[in-house]
Amino acid sequence: MVQLSSTLLYIAFVLYLIATLFFGGAIRIKKKEGLDRWATLGIVVTIIGFIAQLGYFITRWIAAGHAPVSNLFEFTTFFGMMLVGAFIVIYFIYKTSLLGLFTLPIAILVIAYASMFPREISPLIPALQSDWLHIHVTTAAAGEAILAISFAAGLIYLIRVVDQSKSSKRTFWLEFVLFFLISTLGFVIVTTSFRVAGYEATFEWIDKNGKQDEMVYHMPALVGPHEGVLKTEGRMTPLIDMPAIINARKLNTVIWSLLSGFALYGLLRLVLRKRIAAALQPLVRNVNLDLVDEIGYRSVAIGFPVFTLGALIFAMIWAQIAWTRFWGWDPKEVWALITWLFYAAFLHLRLSKGWHGERSAWLAVIGFAIIMFNLVAVNLVIAGLHSYAGS
Amino acid sequence: MEQVKCECGHVNPIGTVLCEACGKPLEEVPMLLDMRYEGSARRSQTYNQTIVDKIWNFFSSVKVGIWLIVITLVASAIGTIYPQQMYIPPTVSPAEYYEQQYGWLGKWYYALGFHDLYSSWWYMLLIALIGVSLVICSLDRVVPLYRALNNQRVTRNEQFLQRQRLFSRAQATDYETALRHVVDKLTKRGYRIREENGNILAEKGRFSRWGPYVNHIGLIIFLIGAMLRFVPGMYVDENMWIREGEIKEIPGTKGKYFLENKKFIFEVYEKEKEKEAFQPAIDRVGSGMMAKNYQTDVVLYERVGPVVAGEEPKLKRIKSFSIRVNEPLKHDHYALYQVDFKLDELKNMSFHLTDKQTNKSFGTITIDLIQPEKEYDLGNGYKVQLLSYFPDFYFDENGNPNTRSKVPNNPAFVFKMFAPDRPKGEVSFTAIRQTIEPLGDNKYKMSFAGIETRNVSALTVRRDFTLWILGVGGAIFMIGLIQGMYWNHRRVWIQRINDEVLVAAHTNKNWFGLKKELEGIFNDTPFVMPIDQADKRS
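Protein chains in written order, with the working numbering: chain R, 4 to 394; chain L, 1382 to 1919.
These are calculated hints, taken from the structure and not from any lab test. Among these hints, one or two may not hold up.
[Claimed, not checked] With a straight-line cut-off of 27 Å between C-alpha atoms, the simulated DSS-like cross-links for lysine-lysine are:
no.: 1; chain 1: L; residue 1: Lys1695; chain 2: R; residue 2: Lys214
no.: 2; chain 1: R; residue 1: Lys356; chain 2: L; residue 2: Lys1896
no.: 3; chain 1: L; residue 1: Lys1405; chain 2: R; residue 2: Lys356
no.: 4; chain 1: L; residue 1: Lys1488; chain 2: R; residue 2: Lys253
no.: 5; chain 1: R; residue 1: Lys98; chain 2: L; residue 2: Lys1897
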C-alpha cells in the first residue's frame, strides 16, 4: 500500500509535467475554429494526474489510518493537489489553457519542494489525534490553493502588461518573483543532488545554552554551527561560523538554494539574452487581460470564504478542544490572521477603491508570498506549536 | 430634511446622485455610471459640518478601514518575530530572557513592548477602531442602498440605460413576441420579472448585496464576544496538579466539584507494537521517543449539602472519564483538559531503624511524603519521631536546611530515634545519599529501605460563557461572506423608447458570468446582445 501510494504520487508528478507541455503547445498553435486539441489533451492529462494523486492520498490514508496531512511533506503535497484541483475547476469556468501553463509548474514546484522533507508515514502525536485534523487542515489547504490561483493569474497579467522595453521598478520586482520560483527549483535540485551523492558531514558545536551537541549536514557547509568542529573526514570546512542563536544548517540550505537560484537565473539570462519575464511575454501576448483579471478576482472571491472557514473558524474550534483555548497568538495562528487581513484588504481595495488590473495583480502576488511565508518560514524558522509539522 | 425632486416625480433625499426611482443622474457624472451604491445619498458624502459629521466621515471611509487593516497586519507580523511572553519559560525574567536569547534586537523587542504585543493597549485600540469603522462604514452604505433598491422603478430614464456598462440599442421589430421569448428565458434562469408598460426589469440575487453587511454584523458580534472576556465571571481558566489516588477540589468551581485521579497513563510509540507502515518513521526518531497518549482516568464528584468549614465534604459520584488530549471531560459548562504531567513523583519512602555496628534492623517505617506522621512506633521500646521534614530540600544562604516547595522532589528528614538503650533519643539528619549526625556519634541510623512513586497529572479547568457568542458571530460572518461572494446581483432592463429597443444590464461583480448568461438569452432573439462599453473605451 505504501509503495503503491508513492508510485501514484510519482505518476501524478510526471503527468503534470506532460500536461504543462500540452498547455504550452496550446499557446503556440494558432487558434483554429473548433476544439483546441492541445488544450483538451492538456486538461485530460491534468485530470488523470489529479486522479492519480487522489489515489496517492487515499492509499496513504488507508495505510496510515489517518488523513495524510500531518507533516510538512504531506501538507505541502496536499496543497499542490488542491492547487491542481482548483485549476481544473477554474479551467472549466473560463477555458483558458494559459492558466494551466502557469498553474501546473507552480503545483509541480510545490510538490517537488514537499518531497525534500521526510516522507515516512508517521503515527500521530496526541495533539493531532482528532477528526479536526482532516477537517481543519484540508479546508485550510483548499482555501490557500484557491487563493493561489489568483497568483498564477496575477503573474500572467504582469508578464503581459509590464513594459519590458526599459528597466523599471516593475521589471525588477517581476524578475524578483520569478527568481524566487527559480530558487525553489534550485533548492530541489541541490537537495536531490547531494542526497543522491549521500553527502553527510557531522559537526560538534556549542548551542546557545552552552551545551555541546551534534549537527549533521547533508550539504557542504558554507556556514558552520557555533564553534563547530568537523568530525567527518574529507568534508568541506565552513567558510564562517554562525552565532549560536542562528540555526546554521537551515541558513546553509537557504544559502545553497539562493546560490543555485542565482546560477540558474544567470544561466537563463545568458541563454535568453533578456529578462525572464520578457522571454515569457510572447507566450501571453494574446491573452484577454480583463478575463485574467476576472479569474484572479474570482479565485480570491471563492477562496476567501473557504480559507476563513478552514484556517480560522475550524482552526479555532480545534484549538479550543486540543489546546484549551480557541486563540493563543501562536505564530501560525497570527500568520493565518495576517493572510486573512491581507485578502480582506485586497477585496476592499478592489470593490471600493477600484484597484483592478495591474494593482490587483501585484496584490495577488503579495498574497501568495504571505501564504508561502506561513507555509515555509513559520514552520521552519519561527518556533511555535505548529512546528512539529516540519519534523 | 432637504429633498430633491426628480423630473419623474420621485422625491430623493439630498445628496442623491442617481434618482432612486428612474436612475436619472441628478449631478454631473462620468459617461459610465458608478453603480457601486446605486448612486444613493450617503450621509458621509452629504454632510460635513459638525464634529459628529467629521468623525462619521472619517470612519465611513473604506480607505481608513483599509489602513487600519494594514497597520494591524504589520503589527501582528512584528509580534511573531520572537516568541511572545506567554511562550517563554515562566521561571525566567523576560527582561533578561530576550536579551540573552536574541541579543540587542531582543533587548529592543522587549523595551518596545513587542514581547506582549497582542495585549498592548495600542493593539487593542487598533482592533477597536476596526470595529468602529465596520459599524460606521456599514451604516453609511446599507441604509441608502436599501432605499435605492427598494424604490427602483421598472421604467428607467434613457440616460440611465445608455450609461450602463452593458448596453445595446436596436430597431424594434415584433417587440411583443420577442419580449415574451426573452422573458421566458430570463425566468428559466431564475430572474424575477417586473413589467410596466411593456418595459422589463429582470433581477436576481439581490440578497447578495446584503452579504457584506451581514458579515460585518457577524464580525461585530465576534468582537463583542471577544471583549466580554474582560468582564469578570465570564470565564474560568485554572490549572490543577493532581496526584494518582488524590481527591481534590476543582479550582474555579467554588467548591462544587471534586476530582479523583485514578491513574495517569503515558504511552509512547514502540517499534514492535506499531504497524508496518509506521516502522521507518519510528526508526528515524527512535523507538519510544514519540508520544502516543497522555491520559488521566478520573472520577468526577459533586458536593452534596452545605459547605461546613473544617469538615470533610460529602461527595456524590457523577461520572468516570478518561481525559485525553483532544478529549476533555465536560460537565455543567466546565471542561477539564489534559495539559501536562510528571511521572514517578515520590509517594512513600521507607527506612529501617538499624544498629550501625551489627546492621540489625528493629523495624521499618514508611513515610507518606505528602502527609507524614509525627511519630512511628516500632514496638518493644523502639520508636522514631519526625522532628522536621523538608520535601524539596536544599541548604539556604545561611547554610540551614530548607525546602523550595511542598513537592517531594528531594525529601530530607530530621529523625529522633528512640531505643531501650537510648531513652533520650538520637538525632539524625537524613537526606538522599547523605546522613548528618549533628550531636556526635549515634548508635542507630535510619537506613534507606525503598520508595514508592506515582504519577501526577496537570489539568486545565475552563468554563467560557463567551464561546457561544463567538460561535454565533462566526456563523453569521460565514453566512454573510458566502451570501456576498458566491452570488451576484444581476439586473437586465429591456425598454422600448420611440420604436427602439434599449437593453442594459448590470451586475455587482463577475461581468464575465453575466455576459455569458446574456449570450445564452439573446442569441436567437431579434434583440441585440448588450455590448460592453468599458471595452470600447480602452
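*asked:* Run the distance test for lysine 1405 (chain L) versus lysine 356 (chain R): straight-line Cα separation, threshold 27 Å.
replied: 24 Å, holds
*Is the hinted pair lysine 98 (chain R) and lysine 1897 (chain L) satisfied, with a Cα-Cα distance of at most 27 Å?*
13 Å, holds
*Holds or violated: are the alpha carbons of lysine 1488 (chain L) and lysine 253 (chain R) at most 27 Å from each other?*
With a Cα-Cα distance of about 24 Å, the restraint between lysine 1488 (chain L) and lysine 253 (chain R) holds, given a limit of 27 Å.
*Given pair status - lysine 214 (chain R), lysine 1695 (chain L), alpha carbons within 27 Å*: 53 Å, violated
_Pair hint outcome, lysine 356 (chain R) versus lysine 1896 (chain L) [Cα-Cα no greater than 27 Å]_ = Holds. Lysine 356 (chain R) to lysine 1896 (chain L) sits at ~24 Å (cutoff 27 Å).
Comparing the model with each numbered hint stated earlier shows that hint 1 is the single one that does not hold.
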